[in-house]
Amino acid sequence: SQTIHQWPATLVQPVGSPLSLECTVEGTSNPNLYWYRQAAGRGLQLLFYSVGIGQISSEVPQNLSASRPQDRQFILSSKKLLLSDSGFYLCAWSGIGTGDSPLHFGNGTRLTVT
Amino acid sequence: AQSVSQHNHHVILSEAASLELGCNYSYGGTVNLFWYVQYPGQHLQLLLKYFSGDPLVKGIKGFEAEFIKSKFSFNLRKPSVQWSDTAEYFCAVKVGYQKVTFGTGTKLQVIP
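Chains as they are written, first to last, in the numbering used here: chain W, 35 to 148; chain Y, 93 to 204.
Don't read these hints as lab results, they were simulated from the structure.
Just so it is clear, the structure is predicted and the values come from calculations on it, not from any experiment.
Hints may contain errors.
Here are the in silico distance ranges between beta carbons for each label pair [as the list claims (entries may be wrong)]:
(1) Y:Lys-163 x W:Phe-122: 40 to 46 Å
(2) Y:Pro-147 x W:Gly-86: 28 to 34 Å
(3) W:Ser-118 x Y:Gly-120: 48 to 54 Å
(4) W:Phe-122 x Y:Glu-156: 43 to 49 Å
(5) Y:Ser-176 x W:Gln-89: 39 to 45 Å
(6) Y:Arg-169 x W:Lys-114: 36 to 42 Å
(7) Y:Ser-110 x W:Thr-37: 15 to 21 Å
As a list, the in silico DSSO-like pairs of lysine-lysine whose alpha-carbon atoms are at most 30 Å apart [stated by the list, open to error]:
(8) Y:Lys-199 x Y:Lys-153
(9) Y:Lys-170 x Y:Lys-199
(10) W:Lys-113 x Y:Lys-191
(11) Y:Lys-153 x Y:Lys-163
(12) Y:Lys-199 x Y:Lys-163
(13) Y:Lys-191 x W:Lys-114
C-beta: ideal position from N, C-alpha, C; glycine also.
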C-alpha cells in the first residue's frame, strides 16, 4: 500500500534562517506531488505541484521554493524565512492519468517562525 | 485560474438535523470535484468525488453531493447528521489531471 511521510512534524525557526521540509511517498510510481499551506479560515492554499522529476509549478509567488530531485521526493525550501511563513504545511500525492484520483495527505509540519 | 467558494464558514446543527454545505467553483472547462473531511486531530481524507456520469454521487458515512453544471455547484448533503460528523469539510476542484484547488472550508459542529 502507498504511504506518505512528511517531516519534521513541528519546527521552530528564527526569522532569516533557511528551511527544508521533506516529503517522500512509498508504494507508487510517478505520482503527482503537492505542497499546501493550511491556515484557519483560509482553507488549503496550493503552493506548488509537480508532475515529474524536476517539474515544478508554482502557484503563489512568495518566499518559498520547491524541488523534486527524485520521483517520490518533494522538498519545500526557503533561503530566508519570514514571520509570515509560519503555518501548517501539508504534502500530498495523487495518482497520474486519471482526473478522479484523490489526494492523499501527509501528517503535516507545523512551522513557527520567531 | 479556477477558484472554489464555500459560503458557510461555521455551521452548528443538532443531531438528526439535515445538512447541506454549499460549494461553488469558477472554471469554464471540465472539472473533477471532491469533498474532503478533516476530523479533529486527523488527516484530511476523501469523502466523495465526482468525475463523470451520474451527477449525484454518494460517499462514505451517508454523505452525498450533487453536481449541477449550470450552477457551477457541488453541494454536500446528509439527511441526518450525527455527533461524529463534527469536522471541517473542504470542497476541491481538480482541473486536468494535476492542479487541485480547495475552498476555505466549513466547520461543522453537531450538538448531541
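Each hint, compared with the structure:
1. Y:Lys-163 x W:Phe-122: 40 to 46 Å: Violated - the Cβ-Cβ distance for Lys-163 of chain Y and Phe-122 of chain W, about 32 Å, lies outside 40 to 46 Å.
2. Y:Pro-147 x W:Gly-86: 28 to 34 Å: holds, 33 Å
3. W:Ser-118 x Y:Gly-120: 48 to 54 Å: violated, 33 Å
4. W:Phe-122 x Y:Glu-156: 43 to 49 Å: Violated - the Cβ-Cβ distance for Phe-122 of chain W and Glu-156 of chain Y, about 29 Å, lies outside 43 to 49 Å.
5. Y:Ser-176 x W:Gln-89: 39 to 45 Å: Because 41 Å falls inside the window, the suggested range holds.
6. Y:Arg-169 x W:Lys-114: 36 to 42 Å: Violated, at about 47 Å.
7. Y:Ser-110 x W:Thr-37: 15 to 21 Å: This hint is violated: roughly 37 Å between Cβ atoms.
8. Y:Lys-199 x Y:Lys-153: Holds. Lys-199 of chain Y to Lys-153 of chain Y sits at ~17 Å (cutoff 30 Å).
9. Y:Lys-170 x Y:Lys-199: holds, 15 Å
10. W:Lys-113 x Y:Lys-191: holds, 26 Å
11. Y:Lys-153 x Y:Lys-163: Satisfied, since the Cα-Cα distance of roughly 26 Å is no more than 30 Å.
12. Y:Lys-199 x Y:Lys-163: Distance of about 23 Å is within 30 Å: holds.
13. Y:Lys-191 x W:Lys-114: Distance of about 27 Å is within 30 Å: holds.
Taken one by one, the earlier hints fail for this structure at numbers 1, 3, 4, 6, 7, listed in ascending order.
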